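Trainee: One letter stands for each residue in the lines below.
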Amino acid sequence: MSKFDFPPSIKSRPVYGTLTAREGNGHLFIADAHGAEAILDVATPEMMANAHIIYIPRGESFGDKLRALNPAQYYEGPSYAASVTRIQRVLQDAKMGLQVYLTGTEGLMGQAQNEAMQAGIPHTAIQTEHRGSVARRMQCVHCKGITEDVETDPFVCSHCGLNLFVRDHYSRRLAAYQGVCIDAEDPGNVPAAKGIYE
Amino acid sequence: MSAAPQKAKAGAERIDVTVSAVVPLNDLVTRFEFQRRDGADFPPFSGGAHTVVEMKDGDRSRLNPYSLMSDPADLSTYAISVRRDDQGRGGSLYMHNNVSQGDDMVITYPVNLFSLDLRAKKHVFLAGGIGITPFMAMIEQLERSNGNWELHYSVRSADLGTYTDVLTYKYPNKVHVYIDDQNQAIDLETLLDGQPLGTHAYVCGPKGMIDWVHATGSKMGWPDENVHSEEFLAPAPGEPFEVRLCKSDKTITVGENESLLEAIERAGVDAPFLCRGGSCGQCETDVVASDGEFIHRDHWLEEEDHASGKKIMPCVSRFIGKQLELDR
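So the protein lines, in turn, are chains A and B. Quick note, the first sequence lines up with residues 128 to 325 if you use this note's numbering. Quick note, the second sequence lines up with residues 339 to 666 if you use this note's numbering.
Since the hints were derived computationally from the structure, they do not count as laboratory data. Please read all numbers here as calculations on a predicted model, not as lab measurements. Beta carbons: idealized from backbone N, C-alpha and C, even for Gly. Mixed in with the good hints there might be a few duds.
[To be verified] Which residues of chain A face chain B? A few of them, derived with a C-beta cut under 8 Å, are:
(1) 135
(2) 137
(3) 138
(4) 142
(5) 148
(6) 149
(7) 150
(8) 151
(9) 175
(10) 221
(11) 224
(12) 226
(13) 247
Let's have the full structure, built from the sequences with the hints guiding it.
Mentor: Quick look at the structure:
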């Protein structure tokens with residue numbers, strides 16, 4: 128099951144939708160892992176004739192199914208970092224009317240949304256659909272280091288080693304949630320880690 | 339009542355000015371330039387801002403919004419360009435017939451409801467007729483920051499092409515003029531097609547033109563946020579109707595040729611306002627009771643507010659029916 132109902136939260140927390148086909152002169156899909164399923168759900172031959180799919184499998188095996196949609200352009204990258212220069216180049220050359228569809232993990236959608244916003248698309252006009260892992264991209268508010276794919280709360284900052292509480296406070300600019308030291312008052316008094324939504 | 343400090347008088351702050359020049363531009367359009375009576379600089383404004391001009395027309399007080407079209411970098415002078423509307427409610431006729439150089443007038447601080455989105459990679463301006471005015475200031479503003487813009491300006495005839503001469507002389511590669519009576523028209527689909535990502539379009543002109551640009555933009559996949567428009571509505575005439583103002587304990591009759599807001603002001607009630615054209619939201623008023631039909635004409639309230647019968651924008655909207663009671 129690749130869909131998850133996020134519990135209601137503070138206004139800062141991003142809310143994701145369901146991809147729907149929109150009119151436009153091009154369709155850019157950026158997805159990782161189970162995000163492929165959302166593309167398979169929304170794709171039509173007309174869209175695919177003007178579509179560019181950028182897919183990061185992260186160990187999933189949807190590549191053949193996406194290729195079979197016969198998009199105008201298809202790229203499979205080993206990681207987001209390896210794909211981002213291509214994303215930037217595609218956006219740099221793009222024209223008004225391009226529709227952007229982001230799907231998969233929160234970290235992927237947040238970072239790709241950031242690129243699209245910098246290219247001049249208002250964030251409200253960028254479609255998103257969450258699929259797959261509910262792990263978060265976290266920023267340590269103390270050392271500013273980013274820890275990817277955080278599944279537990281609290282967790283240990285991969286940069287400075289502080290024990291961080293997972294907040295719902297989100298930064299669109301950083302494409303990351305904020306992690307705040309949980310044992311600052313009483314060092315070492317750290318609650319047992321559990322899943323973020325447990 | 340909000341917690342914010344209440345201003346002494348409704349509307350934006352006022353500035354006492356003298357008419358420093360009256361420049362007829364063609365058969366219909368005249369430019370009016372203002373200087374402050376106290377000799378100070380005008381407050382800075384950004385392209386797209388308007389001022390509300392007070393006209394003392396006999397015992398009638400007119401308040402009409404006009405886009406500031408002078409260079410925002412020049413704070414010694416504010417200028418507006420007014421198109422004479424012989425069928426209108428009389429504000430533009432008053433300006434053309436009664437205002438001359440040296441006259442004292444009162445205008446308001448600038449208010450901008452049509453500003454540039456400076457995140458844009460490119461600005462495409464679409465003007466129809468006198469809709470050119472806000473773009474005159476926007477262009478000067480962008481030229482100072484080396485902004486990327488182009489103007490597509492549709493005019494009825496070469497003679498009525500206000501400022502086409504200045505614009506095409508200064509910016510021959512950025513200004514495109516389309517003359518109706520020479521069968522020239524903006525090819526909007528071709529124009530919008532292929533604009534770089536991050537382009538913003540701005541349209542000012544007749545309602546049909548504004549609707550056309552919004553509709554064509556969405557059909558071509560442009561986000562709504564990238565298409566900006568400004569249309570000042572003049573209040574439409576209509577059947578006179580009676581209104582009860584609860585807070586003021588007054589009952590007034592709105593005449594055929596005045597707006598509800600003007601009638602409220604005529605009764606000596608100080609009601610909030612800014613744009614007087616249905617865009618800014620300042621004059622939003624709660625309806626206490628009503629028995630009849632609202633004629634909503636504003637761009638401010640949501641459709642559900644219009645349907646609810648609980649709110650009205652008195653600057654442009656009217657009412658037909660037996661009874662209307664407002665919280666004012």
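Trainee: Do the numbers back the hint for residue 138 of chain A, that is, is its least Cβ distance to chain B under 8 Å?
Mentor: violated, 19 Å
Trainee: Does residue 150 of chain A meet its interface restraint, that is, does its C-beta lie within less than 8 Å of any C-beta in chain B?
Mentor: Status holds, d = 5 Å.
Trainee: Using Cβ atoms only, decide whether residue 151 of chain A comes closer than 8 Å to chain B, and label the hint accordingly.
Mentor: This interface hint holds because 3 Å falls under the 8 Å limit.
Trainee: Measuring from the C-beta of residue 175 of chain A to each C-beta in chain B, is the shortest one below 8 Å?
Mentor: Since the shortest Cβ distance to chain B is 16 Å, the answer is violated.
Trainee: Does the interface hint hold: is residue 148 of chain A within less than 8 Å of chain B, judged Cβ to Cβ?
Mentor: violated, 11 Å
Trainee: Going by Cβ atoms only, is residue 247 of chain A closer than 8 Å to chain B?
Mentor: holds, 2 Å
Trainee: Is the shortest C-beta separation between residue 149 of chain A and chain B less than 8 Å?
Mentor: Where the cut-off is 8 Å and the nearest Cβ of chain B is about 6 Å from residue 149 of chain A, the hint holds.
Trainee: Hey, does the residue 142 of chain A contact hint survive, CB to chain B under 8 Å?
Mentor: violated, 18 Å
Trainee: Is the interface hint satisfied for residue 135 of chain A? The criterion is a beta-carbon contact with chain B at less than 8 Å.
Mentor: violated, 23 Å
Trainee: How about residue 137 of chain A: closest beta carbon in chain B under 8 Å, or not?
Mentor: At about 24 Å, which exceeds the 8 Å cut-off, the nearest Cβ of chain B leaves the hint on residue 137 of chain A violated.
Trainee: Does residue 221 of chain A hold up as a contact with chain B if the rule is Cβ-Cβ below 8 Å?
Mentor: holds, 4 Å
Trainee: Tell me if the interface restraint on residue 224 of chain A is satisfied: Cβ within less than 8 Å of some Cβ in chain B.
Mentor: holds, 4 Å
Going through the hint list in order, the structure does not satisfy hints 1, 2, 3, 4, 5, 9.
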